[in-house]
Amino acid sequence: MVQLQTPCVLCLPKYYRNINESSVDGQMKHTIVMALRKMLNLIKIKDKKKEQAASAAGKAPVKKQSAGELRLHKDISELNLPKSTSISFPNGKDDLMNFEIIVRPDEGYYLGGTFVFTFQVSPSYPHEPPKVKCKTKVYHPNIDLEGNVCLNILREDWKPVLNINTVIYGLNLLFTQPNDEDPLNHEAAAVLRDNPKLFEANVKRAMAGGYVGQHYFPRCA
Amino acid sequence: MSSPDEDPPTEPERWRDLDMLLSRPGNLVHADFNPSPGLRDSLGSLVEVLVVGAGGLGCELLKDLALSGFKNIHVIDMDTIDVSNLNRQFLFRVQDVGKSKAEVAAKRVMERVSGVNIVPHFCRIEDKEIEFYSQFSIIVLGLDSIEARSYINSVACGFLEYDSDDKPIPETLKPMVDGGTEGFKGHARVIIPGTTPCFECNIWLFPPQVKFPLCTLAETPRTAAHCIEYAHLIKWNEALKRAELFGISGVTYSFTQGVVKNIIPAIASTNAIVSAACALEALKLISGCSKTVSNYLTYNGLDGTHINVSEFARERDCLVCGPGTLIELGTSTTLSEFIKMLEEHPKLLMSRASVTHEGDNLYMQAPEVLEQMTRPNLGVPMFELLKGAARTTVHVTGMAENNGKKVSSLRKLRVTFKGVEESSKMDESS
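Protein chains in written order, with full-length UniProt numbering: chain V, 1 to 221; chain G, 1 to 430.
Please keep in mind that the hints were generated in silico from the structure rather than gathered at the bench. All of these numbers come straight from a predicted model, not from anything done at the bench. Keep in mind that a hint or two might mislead.
Stated by the list, open to error - Derived coverage of chain G by chain V (criterion: at least 3 residues anywhere in the stretch with Cβ under 8 Å from a Cβ of chain V; other residues may be distant): (1) 105-113; (2) 148-159; (3) 198-204; (4) 230-243; (5) 369-380.
As the list claims (entries may be wrong) - Below, a list of computed lysine to aspartate or glutamate pairs in the EDC-like style, where the Cα atoms sit at most 20 Å apart: (6) V:Lys93 - G:Glu368; (7) V:Lys137 - G:Glu238; (8) G:Lys211 - V:Asp157; (9) V:Lys93 - G:Glu371; (10) G:Lys387 - V:Asp94; (11) V:Lys83 - G:Glu368; (12) G:Lys291 - G:Asp17; (13) G:Lys211 - V:Glu128; (14) V:Lys159 - G:Glu147; (15) G:Lys107 - G:Glu147; (16) V:Lys133 - G:Glu219; (17) V:Lys204 - V:Glu187; (18) V:Lys83 - G:Glu371; (19) G:Lys406 - V:Asp157; (20) G:Lys418 - G:Asp165; (21) V:Lys133 - G:Glu238; (22) V:Lys93 - G:Glu147; (23) V:Lys93 - G:Asp360; (24) G:Lys211 - V:Asp182; (25) G:Lys241 - V:Glu146; (26) V:Lys83 - V:Asp106; (27) V:Lys133 - V:Asp182; (28) G:Lys235 - V:Glu146.
Backbone N, C-alpha and C fix where the C-beta goes; we use that ideal spot for every residue, glycine too.
With the rest of the complex left out, here is chain V (with noise of 0.2 Å):
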């Protein structure tokens, strides 16, 4: 009964009782089957008519804009970046999927350094956390000479609840508190771990652009 009221497809079995109406006529059958054509043709030349209104509007065709984007743009819209962060959009302002968060550590060891993180958010965002790389090579214990970042919310913690903003303060957080009990990089943990004032000199020598063991650093001080 209750799909009864719903419109479900209606409009299709209704149809098929008036064609099949044993008191209709063959006439009178072809006249309904043909006001179901009618009726279908007219959706489309409906649809058709909108298409060419829009191009006509010079309107490139509709983009289909996800949940996951329009999630996007709420957590986007409500950032509330902390003084040592900031965001740019390299696509322009159309294109809020892939963005850059530039962190300035403003204490800690990596205070005075500038660091750029590139953002991948799928268009199943929340359902999947965005994807977040460090494209300045850093000398850190979680975070390794390609970019991979290990922070517990951007992996196996991640859920929907969390947003864009909540990914940006645990990138702070790296800075502010890197640790040495779950590394990436495990020379630089060992070292924090072992001889704190070496990694501070470390941290600092990489930032002004230097070797550190064998690998290099370019300047992001």
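Using the hints provided, position chain G relative to the given structure of chain V.
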């Protein structure tokens, strides 16, 4: 494939079982169903079905639909046939490896079922114009990804129009039947946009992918999966370099996923059961010969056999299938006046609104860079920003009142313009 030995049965004989369903009354039929032998012909001549995916489910679906009286079928799939498909994708043979799934599947079914016409589309679903999807009475999905389902769902729901009382307009309905399998488990669901929950209403039903901490993978792997995932994620660039060094092509991300990802074995019979359920729902939706599943059927063959139907509810404010809030503007209303209107609109009471339209960010309250880029739009009439459309959908984000509290909200708006001729109203006059 050779034709069967005996002569093809005459048409009424061939469709004997289907005709019994369509020509006899019953207790469980749709209220509008009026049985008649002519129904099958109408089904064949008037209804166009789109099958999305020509893989495990798609092969079964095409066969099932063709044998259920549907005669105009389109199938779309971007994939080519792989050796590993042959155990269950029964329309394909060893010599088909490398060919388009859609094309081969269409050909094989047409060879076997006379009178059916299947049009293959060897491309991505996103490559088709939105207009392409409007020709179908019903869309049946045999897909394996959330993204693809989400895309088709948004397209189908995009056709839905609501009248001024927020009731769905029947002619704009594009119903979907969605099938899915994973090992011994599967689901079949009926999506009638605006009536039953759409894919996006219940997207939370999908469990998040299991992900391991990157540092565990790199430093303290404990399981075989950790080691494989490490190679997959961290050493990926090395695989690419190695392929380049030795001049080997084909090291692509998707191929790698096929090689290393924890692929759950696809079970032929799970696909058969789920597809059969989907084809049946499609037949019932279109003909009304029985009530449809309401609205989510799950099948579990892992531990005994369970089939269960759950009725999920729509998300009232679903951005994809919901009606949104109707708002009427004058052609001279500017964007900043529009934003002011949202603050006073009784159903919205939204302050600090950011506005987006089909991928154009018209105004962003934050961050500063975007605010600056979009600020010049504030003085421009909405009619111009929305490119002269008589009516269209706009999404707004801001702080809206909910139970007396201001909470951050994302809302869908149906914007219409006073006194603008709607080219799409013409069907009502004829």
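Hints, one by one, checked against the model:
1. 105-113: violated (count 0)
2. 148-159: Three-residue rule met by the stretch 148-159 of chain G, so holds; n is 5.
3. 198-204: holds (count 3)
4. 230-243: holds (count 3)
5. 369-380: With 4 residues close enough to chain V, the hint holds.
6. V:Lys93 - G:Glu368: Holds: V:Lys93 and G:Glu368 sit about 11 Å apart, inside 20 Å.
7. V:Lys137 - G:Glu238: Roughly 18 Å between the alpha carbons, so the hint for V:Lys137 and G:Glu238 holds.
8. G:Lys211 - V:Asp157: With a Cα-Cα distance of about 8 Å, the restraint between G:Lys211 and V:Asp157 holds, given a limit of 20 Å.
9. V:Lys93 - G:Glu371: 9 Å, holds
10. G:Lys387 - V:Asp94: 16 Å, holds
11. V:Lys83 - G:Glu368: 13 Å, holds
12. G:Lys291 - G:Asp17: Roughly 18 Å between the alpha carbons, so the hint for G:Lys291 and G:Asp17 holds.
13. G:Lys211 - V:Glu128: Holds, because 11 Å separates the two Cα atoms, which is no more than 20 Å.
14. V:Lys159 - G:Glu147: 18 Å, holds
15. G:Lys107 - G:Glu147: Cα-Cα ~28 Å, so violated.
16. V:Lys133 - G:Glu219: Between V:Lys133 and G:Glu219 the Cα gap is close to 19 Å, so the pair holds against 20 Å.
17. V:Lys204 - V:Glu187: This hinted pair holds, its Cα atoms lying about 16 Å apart.
18. V:Lys83 - G:Glu371: Roughly 17 Å between the alpha carbons, so the hint for V:Lys83 and G:Glu371 holds.
19. G:Lys406 - V:Asp157: Status violated; Cα separation ~28 Å.
20. G:Lys418 - G:Asp165: Within the cut-off at roughly 17 Å; holds.
21. V:Lys133 - G:Glu238: 17 Å, holds
22. V:Lys93 - G:Glu147: Violated, at roughly 24 Å.
23. V:Lys93 - G:Asp360: 8 Å, holds
24. G:Lys211 - V:Asp182: With a Cα-Cα distance of about 16 Å, the restraint between G:Lys211 and V:Asp182 holds, given a limit of 20 Å.
25. G:Lys241 - V:Glu146: Since the Cα atoms of G:Lys241 and V:Glu146 sit roughly 14 Å apart, the hinted pair holds (cutoff 20 Å).
26. V:Lys83 - V:Asp106: Between V:Lys83 and V:Asp106 the Cα gap is close to 9 Å, so the pair holds against 20 Å.
27. V:Lys133 - V:Asp182: 18 Å, holds
28. G:Lys235 - V:Glu146: 10 Å, holds
The structure does not agree with the numbered hints 1, 15, 19 and 22 stated previously, though it agrees with the rest.
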